[in-house]
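There are 2 protein chains.
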Amino acid sequence: MKSLLKLACVSLLTIPMTLSAQTEEAYPAGTVPNEHNVAGADYPRIGADKRVHFKVHAPDAKKVEISFRGEMTKGDDGNWTLVSKEPEVEGFHYYQVIIDGVATADPNGKPFFGMGKWVSGIEIPEGEAGDYYAVKDVPHGNVSKSKYYSDVRKEWRDCVVYTPAEYDKNPDKKYPVLYLQHGMGENESSWANQGKMNLIMDNLIAEGKAKPMIVVMDNGNIEVFKPLPGESMADAHKRFGGQFPDILINDIIPHIEKNYRTLTDRDNRAMAGLSWGGLLTFNTTLNNLDKFSHIGAFSGMGHIDLNNLDTAYNGAFKDPKTFNDQVHTFFMGIGSEEGPERVKNLSDGLKAAGINNVYYESPGTAHEFLTWRRCLKEFAPMLFNNN
Amino acid sequence: MKSLLKLACVSLLTIPMTLSAQTEEAYPAGTVPNEHNVAGADYPRIGADKRVHFKVHAPDAKKVEISFRGEMTKGDDGNWTLVSKEPEVEGFHYYQVIIDGVATADPNGKPFFGMGKWVSGIEIPEGEAGDYYAVKDVPHGNVSKSKYYSDVRKEWRDCVVYTPAEYDKNPDKKYPVLYLQHGMGENESSWANQGKMNLIMDNLIAEGKAKPMIVVMDNGNIEVFKPLPGESMADAHKRFGGQFPDILINDIIPHIEKNYRTLTDRDNRAMAGLSWGGLLTFNTTLNNLDKFSHIGAFSGMGHIDLNNLDTAYNGAFKDPKTFNDQVHTFFMGIGSEEGPERVKNLSDGLKAAGINNVYYESPGTAHEFLTWRRCLKEFAPMLFNNN
Chain A
0 MKSLLKLACV SLLTIPMTLS AQTEEAYPAG TVPNEHNVAG ADYPRIGADK RVHFKVHAPD
60 AKKVEISFRG EMTKGDDGNW TLVSKEPEVE GFHYYQVIID GVATADPNGK PFFGMGKWVS
120 GIEIPEGEAG DYYAVKDVPH GNVSKSKYYS DVRKEWRDCV VYTPAEYDKN PDKKYPVLYL
180 QHGMGENESS WANQGKMNLI MDNLIAEGKA KPMIVVMDNG NIEVFKPLPG ESMADAHKRF
240 GGQFPDILIN DIIPHIEKNY RTLTDRDNRA MAGLSWGGLL TFNTTLNNLD KFSHIGAFSG
300 MGHIDLNNLD TAYNGAFKDP KTFNDQVHTF FMGIGSEEGP ERVKNLSDGL KAAGINNVYY
360 ESPGTAHEFL TWRRCLKEFA PMLFNNN
Chain B
0 MKSLLKLACV SLLTIPMTLS AQTEEAYPAG TVPNEHNVAG ADYPRIGADK RVHFKVHAPD
60 AKKVEISFRG EMTKGDDGNW TLVSKEPEVE GFHYYQVIID GVATADPNGK PFFGMGKWVS
120 GIEIPEGEAG DYYAVKDVPH GNVSKSKYYS DVRKEWRDCV VYTPAEYDKN PDKKYPVLYL
180 QHGMGENESS WANQGKMNLI MDNLIAEGKA KPMIVVMDNG NIEVFKPLPG ESMADAHKRF
240 GGQFPDILIN DIIPHIEKNY RTLTDRDNRA MAGLSWGGLL TFNTTLNNLD KFSHIGAFSG
300 MGHIDLNNLD TAYNGAFKDP KTFNDQVHTF FMGIGSEEGP ERVKNLSDGL KAAGINNVYY
360 ESPGTAHEFL TWRRCLKEFA PMLFNNN
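So the sequences go chain by chain: A and B.
Residue 10 in numbering that gives the first Met the number 0 sits at position 11 of the first sequence; the count goes up by one each step and never skips.
Residue 348 in numbering that gives the first Met the number 0 sits at position 349 of the second sequence; the count goes up by one each step and never skips.
Derived by calculation from the structure, the hints in this document are not laboratory data.
It cannot be assumed that every hint is accurate.
Pair by pair, the computed Cβ-Cβ distance ranges are [said to hold, decoys possible]:
1. B:K153 - A:D48: 25 to 31 Å
2. A:D48 - B:N307: 58 to 64 Å
3. A:V88 - B:G29: 33 to 39 Å
Some chain A residues flagged as far from chain B (calculated, every beta-carbon gap over 10 Å) [claimed, not checked]:
4. G29
5. G39
6. Y42
7. K61
8. T263
9. G314
10. H327
11. S335
Here the structure is a predicted model, which is why all the values come from computation and not from measurement.
Ideal placement from N, C-alpha and C gives every residue a C-beta, glycine not left out.
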């Protein structure tokens, strides 16, 4: 590795200001730039062995780190380098460059909103297994920002709306809607950016596996996530996003149904969310079963006490037959590496109590976007088949 | 200033982990958070006097700077601060936080693509003068990402498309199209993010000042902007983006006209660009007058030799009457503080030669987005009135 870097430096000195084909051999063998790098940025690079190669030019820094990965090593040329010790898990991962203790976003990488701020991300290609979120030669839907006024919040807000490729070709057709929520510290941009939801939907729809549908994403971070003086973290969590069900039902859904060609009955309305968005999904849908008939929770959901099922969510589960008639999809997904037992137990317990539901376990993945991309791929085909 | 900061620190120590109303008094008087800060981020702050207050927590750094503004001062609490020496010019400005020599993006601020990377930005409110780009209670258009395959480049690309608020309400109506280009080092996201083009269009259309139109923005950075070995900067400029007219005409326009309800005759097609995008606009439109009838160049345009007007752009100006009949709008805008003489002379010279054109000078602004927001506000109402 070090001799390769030295070679790179010599090449760079003799061929100033260029990164043309002549110097490409100087990159670590088998590596390619991270797909989120801006044009011309050569690092981070992803190895064929799924290790990530980071490089930061910081001759005057005392210490440079990559978040979650550790300290970088300084070279004589002022470049700091770090290579993942182990092959990284496939899919999307956040990173920050930490310069002398200050965590920063990498200006050479596409920004992603996660952990409550704008951070950087790498993508470890999965190969064929990732085919379902690859950019393919299929009709592509649009991802748009749509502005609406929230009466609940008394402010203008943006939601992100996926319309399927055929939407503008069928001016008389109305579409079912999936409301899809991000996790804590993310926002309305995260499902399309980190989650590649538009590509997943494009591919599923093109293959006839999912019905063409509109997908709406909004920012559930209604309150700034900081506990008030004396407030416990648990109470802060409850407060954080506590307004979201109201906003969804009173502001977002009316905005979407007014401005898009939507099917507006409960059979054609679904909600799902990842992690904390799964909790918001349970809190919204199970308390409003007159409005939703498809429910998905990916790696996160509301607590349901199986021993007191009758009282959970205002009695939603009291009569299994009524629940099963009403709820056409009740999906709980989780990664095999993030402690799936609690969710599996919940699913099994609900089944034992006569509540139909689908349990999905993503093999080999943890609390990360690869789990949620897979959940969406499993969940979306189940929707709106009742018509 | 220093005593205010000290007060802030004391307050923060006594009320841990909160930024509630109780501590707000500790902020410099008359300042509010920059509009692009993420929720909960208190700095940068904009003063009523239009000075910007920066603050970065970096106890272990030796030197912290804000790009274009200079070195910050370290406090005993590990916070580095800087206040603009002079009131800043109204409108949008880039910044980077430079930690021990490494220029970084601020994770607490919305990212903007400029200078070839993802950087941070501040907005100095203009007050009433900025009313034309304020979020108002008017119908709002959508800004969407639309994917297309470029035969010229052999790659999938994204363009950004503004559709006016009424677009989805009029499924039989077709719309004229403005192709609108960013400046060097920016990309397809810049007009909507830095330029607030969607708000400008929403307001103009709502007031009946501009016709409802589709606006399409794409990335003109076709080649990475690095001179090849031995290549001059001037030649690199020529090469950089040299493919864009081809891509626009052969890939983007067909994609838009296939997927959106557009009027496809030359009377209903306009192109404009800022800075280097103005050069691309001249190069595209003046060589393809069969396809464009409205032309706008904001703070940048192709070189035209007034002494050899007949040969410029393949003879586009040879017959003034033909040109004037064909080109319904020929607009050149520039800021009064960026050396407007060259553009004024070009406009005057063309007028003297019988070539109709409009010269607009934005008072008090330089080579910056406020100039270009104003140019768009002046230019858009001139479009598509020929029908």
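Please confirm whether S335 (chain A) is truly not at the interface, meaning its C-beta sits more than 10 Å away from all C-beta atoms of chain B. 31 Å, holds
Okay, K153 (chain B) versus D48 (chain A) on CB: inside 25 to 31 Å? This hint holds: roughly 28 Å between Cβ atoms.
Is 33 to 39 Å a correct range for the gap between the Cβ atoms of V88 (chain A) and G29 (chain B)? 49 Å, violated
Examine each Cβ of chain B, and state whether all of them lie more than 10 Å from the Cβ of G39 (chain A). 4 Å, violated
Is the Cβ of H327 (chain A) farther than 10 Å from every Cβ of chain B? 28 Å, holds
Does 58 to 64 Å hold as the CB distance between D48 (chain A) and N307 (chain B), or does it fail? Since D48 (chain A) and N307 (chain B) have Cβ atoms about 60 Å apart, the given range 58 to 64 Å holds.
Non-interface claim for G29 (chain A): all C-beta distances to chain B beyond 10 Å? 22 Å, holds
Report holds if the minimum CB distance from K61 (chain A) to chain B is greater than 10 Å, and violated otherwise. At roughly 7 Å from the nearest Cβ of chain B, K61 (chain A) sits no farther out than 10 Å, so the non-interface label is violated.
Interface-negative label, T263 (chain A) against chain B, beta-carbon threshold 10 Å: Per Cβ check, T263 (chain A) is outside 10 Å of chain B; nearest 16 Å; holds.
Could you check that no beta carbon of chain B comes within 10 Å of the beta carbon of Y42 (chain A)? Non-interface label stands for Y42 (chain A): nearest chain B Cβ at 13 Å, farther than 10 Å.
Beyond 10 Å on every Cβ pair: is that true for G314 (chain A) relative to chain B? 35 Å, holds
Checked against the numbered hints given earlier, the structure breaks hints 3, 5 and 7 and satisfies all the rest.
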